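Chain by chain, the residues:
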Amino acid sequence: MAHIPGGASRETWRLTASVGDETRGMVVRIDPETSLIDTDRRIEYRAMEAAWRAGLPAPEPLFLEEDLQWLGRPFSLSAEVGGCQSSAELIPSERREALGREKWTLMGKLAALDVATLGLDGVMPPTTPETCALQQLDYWAGVIVEDELHPNPVAHAAIRWLRRHPPPPAQKLCLVHGDYRTGNFLYSPEGELKAILDWEMAHLGDPLEDLAWSMDPLWCWTEPQLAGRLLPHKAAVQAWEAGSGLTVDPAAFRWWQVFAALKGLGIWISSSEDFHSGQTQAPILAIAGWLMTDRQQRILIDYLSPSSPRRFVRDVK
Amino acid sequence: MIPRGAEAIQRLARRIGTDLIPKAADAYTAADLGFMTALLGMVAQDFDRAADVLTTQHEALVPILRDAAERLGDPDLAARIAAALDQPPASLRISDLTARADATLRLLIEAHAAVEVAADAGADWATGLNARIWRFLEIQTAAEAYQAAI
Chain Z
-14 MAHIPGGASR
-4 ETWRLTASVG
6 DETRGMVVRI
16 DPETSLIDTD
26 RRIEYRAMEA
36 AWRAGLPAPE
46 PLFLEEDLQW
56 LGRPFSLSAE
66 VGGCQSSAEL
76 IPSERREALG
86 REKWTLMGKL
96 AALDVATLGL
106 DGVMPPTTPE
116 TCALQQLDYW
126 AGVIVEDELH
136 PNPVAHAAIR
146 WLRRHPPPPA
156 QKLCLVHGDY
166 RTGNFLYSPE
176 GELKAILDWE
186 MAHLGDPLED
196 LAWSMDPLWC
206 WTEPQLAGRL
216 LPHKAAVQAW
226 EAGSGLTVDP
236 AAFRWWQVFA
246 ALKGLGIWIS
256 SSEDFHSGQT
266 QAPILAIAGW
276 LMTDRQQRIL
286 IDYLSPSSPR
296 RFVRDVK
Chain R
83 MIPRGAEAIQ
93 RLARRIGTDL
103 IPKAADAYTA
113 ADLGFMTALL
123 GMVAQDFDRA
133 ADVLTTQHEA
143 LVPILRDAAE
153 RLGDPDLAAR
163 IAAALDQPPA
173 SLRISDLTAR
183 ADATLRLLIE
193 AHAAVEVAAD
203 AGADWATGLN
213 ARIWRFLEIQ
223 TAAEAYQAAI
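Just so you know, the sequences run in chain order Z and R.
With the numbering used here, the residue at position 16 of the first sequence is 1, and numbering never jumps.
With the numbering used here, the residue at position 144 of the second sequence is 226, and numbering never jumps.
Some hints could be false.
[As the list claims (entries may be wrong)] Interface residues of chain Z toward chain R, partial, derived using beta-carbon atoms under 10 Å:
hint, residue
1, Asp279
2, Gln282
3, Asp287
4, Leu289
5, Pro291
[Claimed, not checked] Estimated spans, in silico, between C-beta atoms of each pair:
hint, chain 1, residue 1, chain 2, residue 2, range
6, R, Gln169, Z, Ser292, 25 to 33 Å
7, Z, Gly263, R, Ala195, 28 to 36 Å
8, Z, Asp300, R, Asp202, 21 to 29 Å
9, Z, Arg295, R, Ala203, 22 to 30 Å
10, R, Leu174, Z, Pro77, 47 to 55 Å
11, R, Thr180, Z, Ala236, 34 to 42 Å
12, Z, Gln266, R, Thr180, 18 to 26 Å
It is worth saying that the hints were derived from the structure and are not from the lab.
This one's a predicted model, so the numbers in the text were calculated from it and none came from an experiment.
Glycine residues also receive a C-beta, built at the ideal position from the N, C-alpha and C atoms.
Please work from the sequences and hints to get the whole structure.
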């Protein structure tokens, strides 16, 4: 077994299992004692399973165990997707554009799935096209209010802005991955996207939510001209529209962009609280809590301040 | 006192990066050490600047909060702002400066919300004060930004 670095929401191990003549690589995801993201293991597993059954590239789900008698914490097993990388830094430059098109086309296909056929009734909180945006806002505003170690005027200003400018109802309800970004999928040495990972924030909601999250400037900090360090923003939206059959409404998308930055801030504030309260000593949570809070605040200020130069705003249409 | 504290912390970070990470037994340990190196770099930055950031923030907030108290017509908020601004920090320790900053930032959040309501209602003074608050947040966030190679 080998402990896989980088995951902040679950403890992740790679292992090889042998039964008789058959040997198979697997990945076990174990609930940590505390996590960057507090979510239900069953939701993560069922969302990944739904995507895999729908033919999207996701690790083959093998087993969900919620009985604590085996490892003391819930865990899941999935098939290992071997020979792949997830690091954005290691993507061959000549493959970025094609990989980017694949990424956003697949995201569009995820948005296109009919949620009524995915078997997720009763697994995820119910919502409607009219209420899904404010439900998400309420959740993340609650996380921020509960977990902030110091008052954060930028976060509170963003929450008020989002409440004062609600988006139109979602065009449809879809399975939102919740963290579909560069770094959360595996790609082959040839640059082909092989598996979408980390479904722990999956929920039912507005298709624009995943699109906005994937294009948050935090994911292209060193290369702001490329969404997710892969594609120009307009090209990413075109690929998503082709995959989903949906059209991006720029006004609605702006709400989801601000929301994505606020959600990120909520995650970083929460991880900082976990680290400082002593629930975990994992340095990745401190990195998230200190460095990402700083950057995400700068993004929100750029979006909302009347005097900002809009360094992070990009045309998407 | 540690002589040249920020520099000393940076040296420790470099030692982890150059000597210990190459000797890590596995990728997970190497990644952890890499994160610690980055974190120590951030600690070194705050070690040197924290007092300056906190006192500069307070000095910038005082006129904004006094203007908000005068304009908003909320006697309770005005009294709490006056009380907070009249109260010196318990000491110049970072913990005490931080406690004062927390108290004033809570008042800023409350005042900013009220200023937005007034601005939405068309009050010119509120539009101007809203812009000043955002400018303060821009400057403050820039002052707190970390230089990090990740």
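These are the hints, each one checked on the structure:
Here the hint on Asp279 (chain Z) is kept, as its CB sits about 6 Å from the closest CB of chain R, short of 10 Å. The restraint placing Gln282 (chain Z) at the interface with chain R holds, with a minimum CB-CB distance near 5 Å, inside the 10 Å limit. Given the 10 Å rule on beta carbons, the hint for Asp287 (chain Z) holds: about 9 Å separates it from the nearest Cβ of chain R. Hint status for Leu289 (chain Z) relative to chain R: holds, with the closest Cβ pair at about 7 Å, below 10 Å.
A distance limit of 10 Å between C-beta atoms decides the matter here; for Pro291 (chain Z) the minimum to chain R is near 5 Å, and the interface restraint holds. For the pair Gln169 (chain R) and Ser292 (chain Z), the supplied restraint of 25 to 33 Å holds, since their beta-carbon distance comes to about 31 Å. Between Gly263 (chain Z) and Ala195 (chain R) the Cβ separation comes to about 33 Å, which falls inside the hinted range of 28 to 36 Å. Look at Asp300 (chain Z) against Asp202 (chain R): about 27 Å separates their beta carbons, and that is inside 21 to 29 Å.
At roughly 26 Å, the beta carbons of Arg295 (chain Z) and Ala203 (chain R) sit within the given window of 22 to 30 Å. Roughly 53 Å separates the CB atoms of Leu174 (chain R) and Pro77 (chain Z), a value that falls within the hinted 47 to 55 Å. Between Thr180 (chain R) and Ala236 (chain Z) the CB atoms are about 40 Å apart, so this pair conforms to the stated range of 34 to 42 Å. At roughly 22 Å, the beta carbons of Gln266 (chain Z) and Thr180 (chain R) sit within the given window of 18 to 26 Å.
Of the numbered hints stated above, none is contradicted by the structure.
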